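Chemist: Sequence:
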Amino acid sequence: MTSPTLAEARAIIAAAEKRSEEIGQPMNIAVVDAGGNLVSHARMDGAWIGGIDISINKAFTSRAFDIQTKDLGDNSQPGNQYYGIHASNEGKIIIFAGGVPLTRDGDVIGAVGVSGGSGEQDQTVAEAGASISS
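For the sequence shown, position 109 matches number 109 in our numbering, and the numbering has no gaps at all.
In short, the hints are calculated from the structure, not lab data. These numbers come from a predicted model, not from an experiment. If a hint is listed, it holds; no wrong ones were tucked in.
With a straight-line cut-off of 20 Å between C-alpha atoms, the simulated DMTMM-like cross-links for lysine to aspartate or glutamate are: (1) K92 with D66; (2) K18 with E8; (3) K70 with E127.
Please work from the sequences and hints to get the whole structure.
Modeler: In structure tokens:
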């Protein structure tokens, strides 16, 4: 399994930034490697400062569990199997939309995390970035 290179991470971020510009919402965009470690991050002009940490943690969460954070969120509501998971990993687990695994040849090689808009906006921008890694 090969993690995204810095050049690949920058290309993922560029694709996400393009989508962010199309929807008119500045974002924080993070890419992590197979170990959940940050490869690259961009904070677009005007993006929330508070979204820096959230975008990085969305990417970490997505890689840590090899799942989109929106899907993890759906399964972590009261009464569901992952209820309380957000309190694990020293509070780094994010359970709302915007984290998407990166795959290559069917293997998860990292993840992209996006924060700065609504859940739908974060998700569509993350999906745009992730679409170039497959």
